[in-house]
Amino acid sequence: MFEERKAVTAVESSTQVVLGGTRGGPDVSTLRQDRWWLQPVITVSILTSFVIYATWAAFQGVNYFVGATGVHELISPFYSPCLSTSCVEGSNSFGFAFNVGSLSPALIILIFPLGFRMTCYYYRRSYYRAFWWSPPACAVADAHTNYSGETRFPLVIQNAHRYFFYFGVAFNVLLTYDAIRSFHVIGGGWGVSVGSLVLTLNATLLWLYSLSCHACRHICGGQVRSFSQHPIRHKLWKLATPLNAKHMNFAWASLFVVALTDVYVRLVSSGAIRDLVFF
Amino acid sequence: MSDVTMRIWRGDSTGGQFENYTLEQNEGEVVLDVIHRIQATEAPDLACRWNCKAGKCGSCAAEINGKPRLMCMTRMSEMPEGPVTVTPMKTFPIIRDLVTDVSFNYAQAEKVPALLPPPMPEGGYRMFQEDVERSQEFRKCIECFMCQDVCHVIRDHEDNKQHYAGPRFFIRYAELEMHPLDTNDRRDLIREDMGLGYCNITKCCTEVCPEHIKITDNAIIPLKERVVDAHYDPVAWLGRKIRRKTKVSAQDAAVQPAP
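Sequence lines, in order, name chains H and B.
Yeah, the first sequence ends on 501 if you go by my numbering, and it's all consecutive.
Yeah, the second sequence ends on 933 if you go by my numbering, and it's all consecutive.
Everything hinted at is true.
Some but not every residue of chain H turned toward chain B, in silico, with C-beta under 10 Å:
1) R351
2) Q445
3) V446
The following label-pair restraints were derived from C-beta to C-beta distances:
4) H:L336 / B:E752: 39 to 49 Å
5) B:P793 / H:Y399: 45 to 55 Å
6) H:T373 / B:W911: 16 to 26 Å
7) B:S676 / H:A365: 30 to 40 Å
8) B:D867 / H:I454: 32 to 42 Å
9) B:P908 / H:L461: 26 to 36 Å
10) H:T231 / B:S676: 55 to 65 Å
11) H:M340 / B:D677: 47 to 57 Å
12) H:K457 / B:D686: 50 to 60 Å
13) H:G312 / B:H886: 46 to 56 Å
14) B:G797 / H:L336: 51 to 61 Å
These aren't lab readings, by the way, just hints derived from the structure by calculation.
As the structure is a computational prediction, the values presented were derived from the model and not from experiment.
The beta-carbon is built from N, C-alpha and C at its ideal position, and this holds for glycine as well.
Kindly generate the complete structure, drawing on both the sequences and the hints.
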């Protein structure tokens, strides 16, 4: 109804603001007495552990697929979709592949889930605080003398989050396909194993993480000015909003489970354990 | 009850220091009660702002044990063992003791372009409940300016005050941008002059808000996404171009005389 809008500039302010006035309180980085440093320490520990493990797993290039040697087909989420000509037989569901020489198949695709998490609003909060100390905690001084936020390169790239979200959704479709395929028993029929449940849990949590994303909420309906004129988008927005409130929980849970899934598939594939089959 | 030691910043623009006041702690007191008792007994010249004592005026915002809080809503029984430190809000220039000059915020408020509705249609404007509800949360703001105080963009970088509105005003911009009757487009203004890109969404504003407004999730991030719509999303840009062209073509066709 009122779609046409005109760009406006700031109204002239008559209030005089003195910059550089003397501030009250002592010149110390913080007066907080609680354990404000604990949260950054936990975040650094978990994210660093994940990055080290994911890097190691991505460069391995082996033990990422359980095929004919097992009862159910299982593929690690770090290697799905497997699009390299060097992929293990049966792991490529696409029918086409890229020749990347001896490069691990995981390295072709990991930029997309990595980019989704790196540009995620929740993870940004976490790593700006924990790694960059900008600031390390609320009311604790920023560790940097100059600050330009996300206005310049490279951090202006954070604005591409919605594109990584689109790729994330495409990956979720593929991982859901992998999860469904894991219920198929090699040789015919359907059944359930620990591996198929782990892949299903992984796909579910990744869907919840993606659908609770702030960009998703905006695309669903947040971008409209009037909910009353867009009732379907309003309904979608109302579905996305309670999920969005749990985005942090889904971010951590999906991170843990994606690593756990890779560990499980790796152990089964290498023969260290057998995939426990329920029926 | 036991005694409590209050460590209060005393000073003005020429300098200051902590002064300790030890007094008996009474049951059910908040920090502002204790400050008032100090004024009444030991330091009648201790300056602090207060008004409603009910967490609704935002006047008594200060930093208690290093965190921005309303003095009237902070119970003494919540405080850990040891002296309780009370300092003025750090981001704004001090006037005296616990009183700061918050005129930066009034200047930012003046800069916000007001709501501009379209010409009144026949029968008047109509607002629907779902549109009213959307911005209701933002109207809970009591302007205590603790979100401005805790925001590291201006707390730790004084020079950014020249080009950064701060969380309190991003709420206001979000409220206007989500208003169905507004015809102003503030996205360029928010990006270029109000410094939305400086916010790195560390959510401290949300953490300290006494009204529990989800400042980051419901105002700042939606504004960032709207700026992405306008400036960083080539698909959205292409869509706007096509829609505009289609609209212009339809208008042209409408004014063409029939053959």
